[in-house]
Amino acid sequence: MSSYKRPEIKLVPVPSTNIIPERDIDKLPVLEARNLGIDFGGLIAVDDFNMAIGRTEIAGLIGPNGAGKTTVFNLLTKVYQPTRGTILLDGYDTHNMTTVQVNKAGIARTFQNIRLFSNLSVEDNVKLGMHNQITYGMWSGIFRLPTYWKKEKQAHERAMELLSIFDLQDLANKQAGSLPYGAQRKLEIVRALATNPSLLLLDEPAAGMNPSETSELMDNIVKVRDLFQIAIMLIEHDMNLVMGICEGICVLNFGKVIAKGTPSQIQNNPKVIEAYLGKRKEG
Amino acid sequence: MKRIGKRLRSNLVIYGLVVVTYVVLQMVMGSGHISSSLQGQLVPICVYVVMAVSLNLTIGVLGELSLGHAGFMSVGAFTGVVACIALEGIISLGAVRMAVSMLIGAACAALAGVLIGIPVLRLSGDYLAIVTLAFGEIIKNIINCLYVGIDHRGLRISFLTSAAALELAEGGRVIIDGPMGISGIKKLSTFTMGFALILITLFIVLNLIYSRSGRAIMALRDNRIAAESVGIPATKYKMMAFVTSAALAGAAGTLYALNYSTVTAAKFNFNTSILILVFVVLGGLGNILGSIIAATVLTILPEMLRQFNDYRMLVYAVVLILVMLATNNDDFKGLLYQIRGKILARNGTKGKEGAVNE
Numbered sequence: 007m008s009s010y011k012r013p014e015i016k017l018v019p020v021p022s023t024n025i026i027p028e029r030d031i032d033k034l035p036v037l038e039a040r041n042l043g044i045d046f047g048g049l050i051a052v053d054d055f056n057m058a059i060g061r062t063e064i065a066g067l068i069g070p071n072g073a074g075k076t077t078v079f080n081l082l083t084k085v086y087q088p089t090r091g092t093i094l095l096d097g098y099d100t101h102n103m104t105t106v107q108v109n110k111a112g113i114a115r116t117f118q119n120i121r122l123f124s125n126l127s128v129e130d131n132v133k134l135g136m137h138n139q140i141t142y143g144m145w146s147g148i149f150r151l152p153t154y155w156k157k158e159k160q161a162h163e164r165a166m167e168l169l170s171i172f173d174l175q176d177l178a179n180k181q182a183g184s185l186p187y188g189a190q191r192k193l194e195i196v197r198a199l200a201t202n203p204s205l206l207l208l209d210e211p212a213a214g215m216n217p218s219e220t221s222e223l224m225d226n227i228v229k230v231r232d233l234f235q236i237a238i239m240l241i242e243h244d245m246n247l248v249m250g251i252c253e254g255i256c257v258l259n260f261g262k263v264i265a266k267g268t269p270s271q272i273q274n275n276p277k278v279i280e281a282y283l284g285k286r287k288e289g
Numbered sequence: 047m048k049r050i051g052k053r054l055r056s057n058l059v060i061y062g063l064v065v066v067t068y069v070v071l072q073m074v075m076g077s078g079h080i081s082s083s084l085q086g087q088l089v090p091i092c093v094y095v096v097m098a099v100s101l102n103l104t105i106g107v108l109g110e111l112s113l114g115h116a117g118f119m120s121v122g123a124f125t126g127v128v129a130c131i132a133l134e135g136i137i138s139l140g141a142v143r144m145a146v147s148m149l150i151g152a153a154c155a156a157l158a159g160v161l162i163g164i165p166v167l168r169l170s171g172d173y174l175a176i177v178t179l180a181f182g183e184i185i186k187n188i189i190n191c192l193y194v195g196i197d198h199r200g201l202r203i204s205f206l207t208s209a210a211a212l213e214l215a216e217g218g219r220v221i222i223d224g225p226m227g228i229s230g231i232k233k234l235s236t237f238t239m240g241f242a243l244i245l246i247t248l249f250i251v252l253n254l255i256y257s258r259s260g261r262a263i264m265a266l267r268d269n270r271i272a273a274e275s276v277g278i279p280a281t282k283y284k285m286m287a288f289v290t291s292a293a294l295a296g297a298a299g300t301l302y303a304l305n306y307s308t309v310t311a312a313k314f315n316f317n318t319s320i321l322i323l324v325f326v327v328l329g330g331l332g333n334i335l336g337s338i339i340a341a342t343v344l345t346i347l348p349e350m351l352r353q354f355n356d357y358r359m360l361v362y363a364v365v366l367i368l369v370m371l372a373t374n375n376d377d378f379k380g381l382l383y384q385i386r387g388k389i390l391a392r393n394g395t396k397g398k399e400g401a402v403n404e
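Residue numbers (our numbering), protein chains in the order written: chain D, 7 to 289; chain F, 47 to 404.
Hint data in this document are derived by calculation from the structure and do not stem from the laboratory. The model shown is predicted, which means the values in this text are computed figures rather than measured ones. Glycine included, C-beta positions come from ideal geometry on N, C-alpha and C. Each statement offered as a hint is correct.
25 Å max Cα-Cα, derived DSS-like pairs, lysine-lysine:
(1) K180/D <-> K379/F
(2) K157/D <-> K52/F
(3) K180/D <-> K388/F
(4) K282/F <-> K157/D
(5) K313/F <-> K233/F
(6) K287/D <-> K262/D
(7) K229/D <-> K110/D
(8) K52/F <-> K159/D
(9) K285/D <-> K266/D
(10) K282/F <-> K110/D
(11) K159/D <-> K180/D
(12) K282/F <-> K156/D
(13) K277/D <-> K287/D
(14) K52/F <-> K180/D
(15) K379/F <-> K52/F
(16) K156/D <-> K52/F
(17) K110/D <-> K33/D
(18) K262/D <-> K277/D
(19) K277/D <-> K266/D
(20) K262/D <-> K285/D
Facing chain D, according to a computed beta carbon distance under 10 Å, are these residues of chain F, among others:
(21) F249
(22) N253
(23) L254
(24) M264
(25) A265
(26) I278
(27) P279
(28) G332
Build out the structure end to end from the sequences listed, making use of the hints.
Dropping the structure here:
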């Protein structure tokens, strides 16, 4: 017999602060970040980041400049490997995955500063998104085997289909770099959609857009969600867009989550107001 | 569909130009109106065209500066000639033996490409350029120390010793004699062989560029981070472009070596790499037709300038600088587009494109 005497303890449920829309509750969250954190040297860029995203949720990630929003995106897509914490994608741990593997597993993204393949055509940009969807080998390509013609035709049709969602089909033969700014932003979304993701990350999709372009974008984002039944997470400074279409919002300040909730909860949260506007002077 | 048509047309222009040039040159040669110096230049021109097109795959399409392209040519040259001599008793038909040798040369250069590519493609930009430069020099020095002979027992190889260390049996023959290189090569290369190699190179390079793999390679050039974010593995496609480029350079090396009676490693030095780089830059990065024209003109030019004797290389350099200035000058480009626009307008097609590009 061991001499150890077990002290009497109480078991309690683990508190989880993660929230997802009620309609997605019977499905596994598409993404769950647990205690995620990264340090750059001694600087703690993101710490203790917890978030879950429902299957068909449009989630928002907001916060003042330098709060670490894009860093979170870079962690989720493994541009940076997190120092701490876990990322569960469809319930699977993405530990040690590369950017390419994470994309194959279902996360697609756009970039804050547009990163198109600017010397290639609009259609080729979308076809590159389908790189792992419609595949054939190098030799089929060089010798123009029947597979090449079949797959290229498939890719062409699918690309035009996707482009037409964003009304870009007429620009298919244009060089991507020559497109106007708004069209480039839309093309980046189409390219990300072409990878057939289950979660789409949009980094400031409305940056540089005028109000009418922004409202068109809002309609398009909702349309994409309804059409493809995917989850979308977006970083945005345009509060009309965020409050208009996001269902769950997460607010980040100095690398830490300071609030989570519905748009109205966030709007009235004193911590959020403080982060954006500063503290009211006492007295 | 319109774009595919445009691509097809520009590809047909390239193939057409090469074929027409070949046919015209064959006719001129048939009637005996060609100078012997130009006739001697025909195979080297083919070699340099293939070298330029293949290097353009690395520099223009993949977007990585490689300064060791002559190294792959060297690997192809020496392995190809060794294969050619070793196969002498087995394949009697010259052309077939040469084709097989070129394949072996290409395969060996591709192997070298894989070995070099593994460490090198982890780097990019200046670092990659420096390491490929070193590779070219290393290959040259390795071959300078290499002794290869053949006798009834097969190929015998010795390193850092002398030809005597090969201990060849009676009737054996030294193929690579260290710094002396290979001598007594039976000349097998013909203009037609060179022409065929150009066509094969164009077929491989153009079809590769306009396929799924080629798109991925160009995507890596344009934006690596974005390419990885849509699931394109960088190393795989960098390697694909690099090795294809190396293999074609190897085949060109075999063609080159079998055109001369002697070949030494010193021929494939840094200057040769730079010469090919000049063809590519002058022809335009990613511009296949440009590479072909630049390689052809710049190979003929030094010969044409022979009458200037001592000033030959000086004039060559001045011409090179002038062409670079002219082709990179916006005013000059604008003028060309204007002229093109006018010609198109006169032909009844719209000359809009020129105006936009200005």
